[in-house]
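Colleague: Chain by chain, the residues:
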Amino acid sequence: MARPLGRLHPMAVSADPVELARPAAPDRAAAPVRAAGVTVTRSRSGRLWVVALALVAALVAVPVLALLWQAARGSQGLWSHMLAHVLPQAVSQTAILLAGVGVLVTVIGTSTAWLVTAYDFPGRRWLEWLLLLPLAVPTYIIAYAYLDILHPLGPVQTAIRALLGFDSPRDFRLPDIRSMTGGILLLGLVLYPYVYLTTRAMFVTQAANLVEVSRSFGVTRRGVFLRVALPLARPAIAVGVSLALMEALNDIGATEFLGIRTLTNSIYTTWVTRSDLPGAAQIALVMLAVVVALVVLERWARRSQRYWTNAQRARPLARHRLGRVAGLAALGLALVPVLLGFVFPALHLSIVAFRRVQVSGISSRLAGEALNTVILAGSVTAVVVAAGLLVAFVTRAFQSRTTAALGRIAAIGYAMPGTVVAIGILIPIAALDRSIDAAAREWFGVSTGLLLIGSGAALSYAYFVRFLTIGSGGVESGLARLPRSYDHAARCLGRGSCGTLCHVHLPLCRAALASAALLVFVDCMKELPATLLLRPLNFETLATHLYGEAARGTYEEGAIAALLIVAVGTLPAMLLARIGGKPN
Amino acid sequence: MSDQSRPILELDRVSRRFGDRYAVREVSLDIRRGEVVCLVGPSGCGKSTLLRLIAGVDVPDSGRILLDGQEIAGPSRFVEPEDRRVGFMFQDYALFPHLTVRDNILFGLRHLPKPRAGAQADSIIRRIGIGELAARHPHELSGGEQQRVALARALAPQPLVLLMDEPFSNLDRRLREHVRMESLATLRDADATAVIVTHDPEEAMSIGDRVVLMRAGQVVQIGTGYSLYDRPGSIYAARFLGPCNQIPARIRGGCAETVLGAFPAPGFAEGAPAVVCIRPKALFPVAICDERRGADLRGTLVQRSFLGEVEQLTLRVEGLDAPLRLRTSQRLDTLPGEIVRFGVDAGQAIVLPPEKEPAAVAMA
Numbered sequence: 001m002a003r004p005l006g007r008l009h010p011m012a013v014s015a016d017p018v019e020l021a022r023p024a025a026p027d028r029a030a031a032p033v034r035a036a037g038v039t040v041t042r043s044r045s046g047r048l049w050v051v052a053l054a055l056v057a058a059l060v061a062v063p064v065l066a067l068l069w070q071a072a073r074g075s076q077g078l079w080s081h082m083l084a085h086v087l088p089q090a091v092s093q094t095a096i097l098l099a100g101v102g103v104l105v106t107v108i109g110t111s112t113a114w115l116v117t118a119y120d121f122p123g124r125r126w127l128e129w130l131l132l133l134p135l136a137v138p139t140y141i142i143a144y145a146y147l148d149i150l151h152p153l154g155p156v157q158t159a160i161r162a163l164l165g166f167d168s169p170r171d172f173r174l175p176d177i178r179s180m181t182g183g184i185l186l187l188g189l190v191l192y193p194y195v196y197l198t199t200r201a202m203f204v205t206q207a208a209n210l211v212e213v214s215r216s217f218g219v220t221r222r223g224v225f226l227r228v229a230l231p232l233a234r235p236a237i238a239v240g241v242s243l244a245l246m247e248a249l250n251d252i253g254a255t256e257f258l259g260i261r262t263l264t265n266s267i268y269t270t271w272v273t274r275s276d277l278p279g280a281a282q283i284a285l286v287m288l289a290v291v292v293a294l295v296v297l298e299r300w301a302r303r304s305q306r307y308w309t310n311a312q313r314a315r316p317l318a319r320h321r322l323g324r325v326a327g328l329a330a331l332g333l334a335l336v337p338v339l340l341g342f343v344f345p346a347l348h349l350s351i352v353a354f355r356r357v358q359v360s361g362i363s364s365r366l367a368g369e370a371l372n373t374v375i376l377a378g379s380v381t382a383v384v385v386a387a388g389l390l391v392a393f394v395t396r397a398f399q400s401r402t403t404a405a406l407g408r409i410a411a412i413g414y415a416m417p418g419t420v421v422a423i424g425i426l427i428p429i430a431a432l433d434r435s436i437d438a439a440a441r442e443w444f445g446v447s448t449g450l451l452l453i454g455s456g457a458a459l460s461y462a463y464f465v466r467f468l469t470i471g472s473g474g475v476e477s478g479l480a481r482l483p484r485s486y487d488h489a490a491r492c493l494g495r496g497s498c499g500t501l502c503h504v505h506l507p508l509c510r511a512a513l514a515s516a517a518l519l520v521f522v523d524c525m526k527e528l529p530a531t532l533l534l535r536p537l538n539f540e541t542l543a544t545h546l547y548g549e550a551a552r553g554t555y556e557e558g559a560i561a562a563l564l565i566v567a568v569g570t571l572p573a574m575l576l577a578r579i580g581g582k583p584n
Numbered sequence: 001m002s003d004q005s006r007p008i009l010e011l012d013r014v015s016r017r018f019g020d021r022y023a024v025r026e027v028s029l030d031i032r033r034g035e036v037v038c039l040v041g042p043s044g045c046g047k048s049t050l051l052r053l054i055a056g057v058d059v060p061d062s063g064r065i066l067l068d069g070q071e072i073a074g075p076s077r078f079v080e081p082e083d084r085r086v087g088f089m090f091q092d093y094a095l096f097p098h099l100t101v102r103d104n105i106l107f108g109l110r111h112l113p114k115p116r117a118g119a120q121a122d123s124i125i126r127r128i129g130i131g132e133l134a135a136r137h138p139h140e141l142s143g144g145e146q147q148r149v150a151l152a153r154a155l156a157p158q159p160l161v162l163l164m165d166e167p168f169s170n171l172d173r174r175l176r177e178h179v180r181m182e183s184l185a186t187l188r189d190a191d192a193t194a195v196i197v198t199h200d201p202e203e204a205m206s207i208g209d210r211v212v213l214m215r216a217g218q219v220v221q222i223g224t225g226y227s228l229y230d231r232p233g234s235i236y237a238a239r240f241l242g243p244c245n246q247i248p249a250r251i252r253g254g255c256a257e258t259v260l261g262a263f264p265a266p267g268f269a270e271g272a273p274a275v276v277c278i279r280p281k282a283l284f285p286v287a288i289c290d291e292r293r294g295a296d297l298r299g300t301l302v303q304r305s306f307l308g309e310v311e312q313l314t315l316r317v318e319g320l321d322a323p324l325r326l327r328t329s330q331r332l333d334t335l336p337g338e339i340v341r342f343g344v345d346a347g348q349a350i351v352l353p354p355e356k357e358p359a360a361v362a363m364a
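One line per chain: the protein sequences are A and B, in this order.
Counting along the first sequence from 1, when you hit position 64 you're at 64 in the UniProt record's numbering, and nothing is skipped either side.
Counting along the second sequence from 1, when you hit position 200 you're at 200 in the UniProt record's numbering, and nothing is skipped either side.
Don't read these hints as lab results, they were simulated from the structure.
Note that CB positions come from ideal geometry on N, CA and C, so glycine has one too.
One should not assume that every hint holds.
Negatives, chain B to chain A, calculated, CB over 12 angstroms [said to hold, decoys possible]:
{"no.": "1", "residue": "LEU29"}
{"no.": "2", "residue": "GLU35"}
{"no.": "3", "residue": "GLN91"}
{"no.": "4", "residue": "GLU145"}
{"no.": "5", "residue": "MET181"}
{"no.": "6", "residue": "ILE222"}
{"no.": "7", "residue": "ARG252"}
{"no.": "8", "residue": "GLY271"}
{"no.": "9", "residue": "LYS281"}
{"no.": "10", "residue": "LEU297"}
{"no.": "11", "residue": "THR300"}
{"no.": "12", "residue": "GLN312"}
Examples of chain A residues toward chain B, derived with CB under 10 angstroms [unchecked claim]:
{"no.": "13", "residue": "GLY46"}
{"no.": "14", "residue": "PRO483"}
{"no.": "15", "residue": "ARG484"}
{"no.": "16", "residue": "SER485"}
{"no.": "17", "residue": "TYR486"}
{"no.": "18", "residue": "ASP487"}
{"no.": "19", "residue": "HIS488"}
{"no.": "20", "residue": "ALA489"}
{"no.": "21", "residue": "ALA490"}
{"no.": "22", "residue": "ARG491"}
{"no.": "23", "residue": "CYS492"}
{"no.": "24", "residue": "LEU493"}
{"no.": "25", "residue": "GLY494"}
{"no.": "26", "residue": "ARG495"}
{"no.": "27", "residue": "GLY496"}
Input sequences plus hints: build the corresponding full structure.
Modeller: Below is the structure:
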């Protein structure tokens, strides 16, 4: 055999902390205790992988650390101004909004989920995935659409007046959508699918046994929902609600259009109109506290969920077939959120966009912005999926406390609202830009301006931080399906970590990579808050174009931009429907 | 190449700890070239961990592992699994689902020039007789076929040692026996050195040149299947390798005295307590072979269970707390509640010291 035995690693002897911590003599009492199942690698290649993971984690951690640093050195006077004038209103508005949206998504999400799992009625199969469609409509687009639909001179109010015989908006008008109630309703209509998804999954996989047992004890169907299914689904509901609330907290457009002054809006105005970065950072910190609370809620819920999913094997619930009238009523009821959250706004946008295109075509400006969006989202997606692959692979192949901790750090971005990430990035990047500019002027006599912000690097960085978890989570779910013996088999057959990744992992999780890429791409495309704060001068994406028009109150090509975003956004909703539609 | 008489694989006081629990504790073991060694023990006894340490997918906390005279794991060296020339066959076979059978086998031959790799793959495919499967994907194979492909893939790179983790446990009973003998023939044919992990003592005794019995991370006894079965060193070993009746005894005049008679017990201290292990097959109903050795004993029949090849009688014997199990291939017409006369084949009785409390596993 030509292959020499053992390419021994001289580096294995030294420099590795684990190795150094190990006593050379069999003095076991002093040896560090390792967690169960932890494999320590002492190869050089392993260390390179871990260093790469550490770099990714550091990139994600920088914005948070910058915020903490900024807050720590913030002046006392600023805080008192914040506490007196900005925070009370912003915090209370945010709290009311989150509470309202939380209740609304819980009610819509769980009731629709129960309806399509426990009952059978005409159109149920369609509804199962139609109910996901509002997920394709970003919060700022539903607000944008309904502002137009419900405008005193818009189609709805005009029709009502015509019906009731009023002549002018002065005689009759509906309550203004631009209110807290309006905000809660609109956000709830597009965010309930998070609760619907998680809760339905729970009902489908878990409820059958318990429901049948309780039925055999004589509990009515309604009783089963209240006394068995709801308590059972509580963890799933909590996960869904916390995800929905993270989205609500992240929203900048809808609240702005509807005149609700949340923490997010306060950050935006503090930075954009007052150029007060320390102030914005302090509000961002308050938001971070809210986010931590939501994450704690989600983690806690996931833990109890794991208990349930381990407890029983999945078995589908036998659906109760509803009669003709009850069935049509159920269909009508479940269609309400689909119609309000997707069909009406999408239809309205289509009509408006169609008219616009008929009259004046698509401007080259909008085409350019669409191209900007695709290029930006596409390039970030490539980077995010690659980094996500790195995170997922290293935490799998080199299991240790270090890699697990780094993996967790790399995942913190998903919960952070875009404004918080943006402010966290602005602090170091703006300073860096200034020093690059100063250095360039001193040495070459030219001003570079704001190089990193102006080139879009800062914006890409923000997307990276925010969406890395989607990338790594997607890859992880693909890798998790591969038994660990594949890895070991590949190693024992002479392939290193790189060879294992390229020849075993990659070909076997191509589908997971593709769906992760799709999710990241769509999220980048929809992103508004970070884009508003970090985009280079005169750089517009479809989302910022829409925001600009809505803020100015002009209605030109906004509907086309909105329609494009919604159209692309339906892709992941369909993907989710396909995954969720499989029996297991 | 180093000298041929030296063991191909040497384990020198190897330990692996998870938290404060030892999975493998101070295990020393030599394995000779061409030998088939079975690691056997109940689940959680550390046998699979030991295999993973040899393969290099896990790292020992202390001790050294030498392969072909070179240290592959120890305080100063660690050779990555891909550099060890150790084959591993997994319980779930771990065949790569995206590759055909032939490509699975070629996977481990990348270090060879293409034509040579192809020739080597074809030769193993021919030897194991899986030619008609070569173009298929793993999901198109039956359990037995997957097992053969996994064996072929592990043997293809001609590893110095082949490690097999429960290689037959995924097969149904009837197939298992056949595949086991076929695999053993393949190993012999390839002159391979193999370490096989199993929880099934019969499997271990039937295929292992030597059997290593483990318990709580430690080696309890090493020997051929015969020596382990016939001369177990402890009650644990006796009980693990097959059913046995434990009869309390006391040493008097060089014999272990029991309710069932006295058995020679050289080397035991006078007056010490002891246990006599008697396999159910070493007991026989007296009516049918009264001229064989052994006292004429009586017991009340409690239960009969028909196992097919043999029948097990459960007897209640005066002076014994536990019921006695007797296995015979004779058909009796005794009914439960009636008296059975039986004898003991004294040559098969094993006198052992009473079992101590199992050694403390956790660290002090």
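Colleague: Go through the numbered hints given earlier and state which of them the structure violates, listing their numbers in rising order.
Modeller: Checked against the structure, the only hint that fails is number 3, while the rest are satisfied.
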